[in-house]
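Visitor: These protein sequence lines map, in sequence, to chains E and W.
Counting in our numbering, the final residue of the first sequence is number 407, and the numbers go up one at a time with none missing.
Counting in our numbering, the final residue of the second sequence is number 407, and the numbers go up one at a time with none missing.
I should point out that these hints are in silico values taken from the structure, not numbers from a laboratory.
It is possible that part of the hints are untrue.
Said to hold, decoys possible - Taking lysine-lysine and the PhoX-like style, the derived pairs with C-alpha atoms no more than 25 Å apart in a straight line are:
(1) W:K142 with E:K130
(2) W:K130 with E:K144
(3) E:K324 with E:K339
(4) E:K21 with W:K64
(5) E:K142 with W:K123
(6) W:K21 with E:K64
(7) E:K64 with W:K130
(8) W:K64 with E:K31
Nothing here was measured: the structure is a model prediction, and the numbers come from that model.
Protein chains: 2
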Amino acid sequence: MRPLIVQKYGGSSLATSDKIKNVAYRLMKEKEKDVDLVVVLSAMGKTTDTLISLAQEISPRPCKRELDMLLSTGEQVSVSLLSMAIKELGGQAISLNAMQANILTDSFHSESQILDIDTQRIKTHLQEGKIVIITGYQGLNKEKDITTLGRGGSDLSAVALAVALKAQCCKILTDVSGVYTADPRIVSDARCLKKITYEEMLELASMGAKVLHARSVELAQRYDLEVYVKSSFDEQNAGTLIEKDVKKMEEITITGVALNKNEAKVTLVGVPDRPGMAAEVFTCLAEANINIDIIIQNVSVEGFTDISFTVKEEDLHVTILVSKEAVRDLEAKEVIFKKNVSKLTLVGVGMRRHSGIAAKMFRCLADKNINIEMISTSEIKISCVIDQDKGDLAVQALHKAFELEKS
Amino acid sequence: MRPLIVQKYGGSSLATSDKIKNVAYRLMKEKEKDVDLVVVLSAMGKTTDTLISLAQEISPRPCKRELDMLLSTGEQVSVSLLSMAIKELGGQAISLNAMQANILTDSFHSESQILDIDTQRIKTHLQEGKIVIITGYQGLNKEKDITTLGRGGSDLSAVALAVALKAQCCKILTDVSGVYTADPRIVSDARCLKKITYEEMLELASMGAKVLHARSVELAQRYDLEVYVKSSFDEQNAGTLIEKDVKKMEEITITGVALNKNEAKVTLVGVPDRPGMAAEVFTCLAEANINIDIIIQNVSVEGFTDISFTVKEEDLHVTILVSKEAVRDLEAKEVIFKKNVSKLTLVGVGMRRHSGIAAKMFRCLADKNINIEMISTSEIKISCVIDQDKGDLAVQALHKAFELEKS
Numbered sequence: 001m002r003p004l005i006v007q008k009y010g011g012s013s014l015a016t017s018d019k020i021k022n023v024a025y026r027l028m029k030e031k032e033k034d035v036d037l038v039v040v041l042s043a044m045g046k047t048t049d050t051l052i053s054l055a056q057e058i059s060p061r062p063c064k065r066e067l068d069m070l071l072s073t074g075e076q077v078s079v080s081l082l083s084m085a086i087k088e089l090g091g092q093a094i095s096l097n098a099m100q101a102n103i104l105t106d107s108f109h110s111e112s113q114i115l116d117i118d119t120q121r122i123k124t125h126l127q128e129g130k131i132v133i134i135t136g137y138q139g140l141n142k143e144k145d146i147t148t149l150g151r152g153g154s155d156l157s158a159v160a161l162a163v164a165l166k167a168q169c170c171k172i173l174t175d176v177s178g179v180y181t182a183d184p185r186i187v188s189d190a191r192c193l194k195k196i197t198y199e200e201m202l203e204l205a206s207m208g209a210k211v212l213h214a215r216s217v218e219l220a221q222r223y224d225l226e227v228y229v230k231s232s233f234d235e236q237n238a239g240t241l242i243e244k245d246v247k248k249m250e251e252i253t254i255t256g257v258a259l260n261k262n263e264a265k266v267t268l269v270g271v272p273d274r275p276g277m278a279a280e281v282f283t284c285l286a287e288a289n290i291n292i293d294i295i296i297q298n299v300s301v302e303g304f305t306d307i308s309f310t311v312k313e314e315d316l317h318v319t320i321l322v323s324k325e326a327v328r329d330l331e332a333k334e335v336i337f338k339k340n341v342s343k344l345t346l347v348g349v350g351m352r353r354h355s356g357i358a359a360k361m362f363r364c365l366a367d368k369n370i371n372i373e374m375i376s377t378s379e380i381k382i383s384c385v386i387d388q389d390k391g392d393l394a395v396q397a398l399h400k401a402f403e404l405e406k407s
Numbered sequence: 001m002r003p004l005i006v007q008k009y010g011g012s013s014l015a016t017s018d019k020i021k022n023v024a025y026r027l028m029k030e031k032e033k034d035v036d037l038v039v040v041l042s043a044m045g046k047t048t049d050t051l052i053s054l055a056q057e058i059s060p061r062p063c064k065r066e067l068d069m070l071l072s073t074g075e076q077v078s079v080s081l082l083s084m085a086i087k088e089l090g091g092q093a094i095s096l097n098a099m100q101a102n103i104l105t106d107s108f109h110s111e112s113q114i115l116d117i118d119t120q121r122i123k124t125h126l127q128e129g130k131i132v133i134i135t136g137y138q139g140l141n142k143e144k145d146i147t148t149l150g151r152g153g154s155d156l157s158a159v160a161l162a163v164a165l166k167a168q169c170c171k172i173l174t175d176v177s178g179v180y181t182a183d184p185r186i187v188s189d190a191r192c193l194k195k196i197t198y199e200e201m202l203e204l205a206s207m208g209a210k211v212l213h214a215r216s217v218e219l220a221q222r223y224d225l226e227v228y229v230k231s232s233f234d235e236q237n238a239g240t241l242i243e244k245d246v247k248k249m250e251e252i253t254i255t256g257v258a259l260n261k262n263e264a265k266v267t268l269v270g271v272p273d274r275p276g277m278a279a280e281v282f283t284c285l286a287e288a289n290i291n292i293d294i295i296i297q298n299v300s301v302e303g304f305t306d307i308s309f310t311v312k313e314e315d316l317h318v319t320i321l322v323s324k325e326a327v328r329d330l331e332a333k334e335v336i337f338k339k340n341v342s343k344l345t346l347v348g349v350g351m352r353r354h355s356g357i358a359a360k361m362f363r364c365l366a367d368k369n370i371n372i373e374m375i376s377t378s379e380i381k382i383s384c385v386i387d388q389d390k391g392d393l394a395v396q397a398l399h400k401a402f403e404l405e406k407s
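Chain E with its partners taken away, still in its complex shape (with noise of 0.2 Å):
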């Protein structure tokens, strides 16, 4: 048997037909090392932004089942045009939508869950000799309507192809060369890992380095999947392998910082102490489709806390107004907020074995006149939320203090 690859490109890769040609000559290079190559692919370009676009035109808020409807074309055009492009080139290749790769989802439209893949189909035509190139980010419920996995979903296609299918690896080939120790805009020196945890990567992936969706590095731990970050555009670099922890050199200990920007951080001052207090808060922001970041709670003073979170900069005003109104209800004292805050995270599986990594940050920032307003930890992050304007600067100093441009 020869062994399976799954590799998914995403939009940038595919934008023109140019592109979707030369993504072609890549596979059929790929298919000349006797693999069997299955292919997951996102939109061309920018397609969903214009379709949602069409969409709002229509409804500012359209039916998600019908946004799905619409969405999942801008996958099926792809690919079936890479399935042209390797013919063309005198491959052998065939495009399969959801309904046809078998791909079985839960019916929560526009984030849905996969529940089943029968592999049946792909495996038959990959005995044929093809590669089988399938629409990423959608599925079918039971009741055969099309659903949408949400953000990230290609990525998770393609992970859940690959553990459904036993690939040897899965490969997301994408427009970064892989994962960075920082962000490669803002440090100069950042270096391009060759491996990273799962957990670390998760830690990463939700800490703002987009490369790849914290949904599928869960399912690829889970199953033990090795993946592959790689840059669609450069052959020669091998990009990041992502896989479980294994034996390090004690000494090296971080993996990477990472900077989410556009945050606000939300204070309710003088909420009385009692129980259900806090669920009762965010019982109603949640509510209100908001997604909270860090949240703390001091230690009462005097049957009054306090509780701070972040949000989203664009979800600050509808939080303000939900968070109002609980105030009133809880007969706490007040609301504030601060504006053009950024989260700040060094993560790292080192840091289990290491004690004073979370001292010499917070030290590092100290000597660069930076002040922290909020401290988060896990076992193997720490995040600041700090100014907006320090973000870049705190990311520089921490990337250098430990050493993370040195391999």
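Since the structure of chain E is provided, determine the placement of chain W on it from the hints.
Guide: What follows is chain W alone, placed relative to chain E:
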């Protein structure tokens, strides 16, 4: 049970989001009459042409299976948008693609035939009070591959769905007001017909009146389905009803006059008059994928005959090459041809019961000094090949001579 009506909207009625909203508004009005509505859509505006161009950038002759996969997205976009638009107006609607509507076809990609429609799901949604919006032009073969129905495919989908659902009627909403006695751009007082028989419509459909494809008319005729052709922009005009031959006043004999421009006439001169000669000539032409229209073989003189036929002018070059080979093989004399001819057709079931129509037609053309190069007749039509320059004049003269402006 509520009466069921199938409506079909073409691309020009769906070209922008505003036009789609307009269709949604009209359907809501129609739905108030307590009818069940099934709506069949084409792709928006020029979408199909754009997709074909994109495919050709990648492959000059793209794989038909993949081309169907690509083109079918166009209708899926329009059905989802129309469904959103109806919901935005407070109505109930659901969009279905060919897979969801269970439209089973054979596997002749790009020119499939519909084999069966399982209407269970459609009926369920109608019972829920929903307007059911279905992708025209496409189906699914038994391998679950997407197929398309070829030219006029969306009309065919509408008629087939109306037949399968036993609809009261099928309304084809288009950018013209109905079927005219002649092209209104040529004859200023051309009249929109209130009624026309299937047979007359068939002759007109294949003779240049492009409002409705012949395949759809044939299917409607087979199942005795009433089809209306009417404007999607002009509510008031009732359009043209296509139905079976009903008793008419004897004096109504002629329904319309049609003109096919850009034809060419080809003659094989001095063909030995042996059995099988014509078969051989036209087999060669069919293999070259050339559509032959009128064929005339003159009586044989001294063991030789001339065979004349018409083709589309765009096919003339290949036709001459093939014909020259045939002439050599058959030991005939030569190939002559004439470009820039038109085919003029007079249609009407009344011809069956009236003699002298042909004579009147030829006399009318002679009076205008228009030379007739070929003649071909059926029970309900007479076609003449004439000089292209004289085409409009001929249509105007016949329209007047047969008093088609009077109802």
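Visitor: If a hint holds in the structure, say so; if it does not, say that too.
Guide: Structure-based check of each hint:
1. W:K142 with E:K130: holds, 20 Å
2. W:K130 with E:K144: holds, 18 Å
3. E:K324 with E:K339: holds, 17 Å
4. E:K21 with W:K64: holds, 18 Å
5. E:K142 with W:K123: With a Cα-Cα distance of about 18 Å, the restraint between K142 (chain E) and K123 (chain W) holds, given a limit of 25 Å.
6. W:K21 with E:K64: holds, 18 Å
7. E:K64 with W:K130: Holds - the C-alpha atoms of K130 (chain W) and K64 (chain E) are around 17 Å apart, at most 25 Å.
8. W:K64 with E:K31: holds, 23 Å
Checked against the numbered hints listed earlier, the structure breaks none of them; every hint is satisfied.
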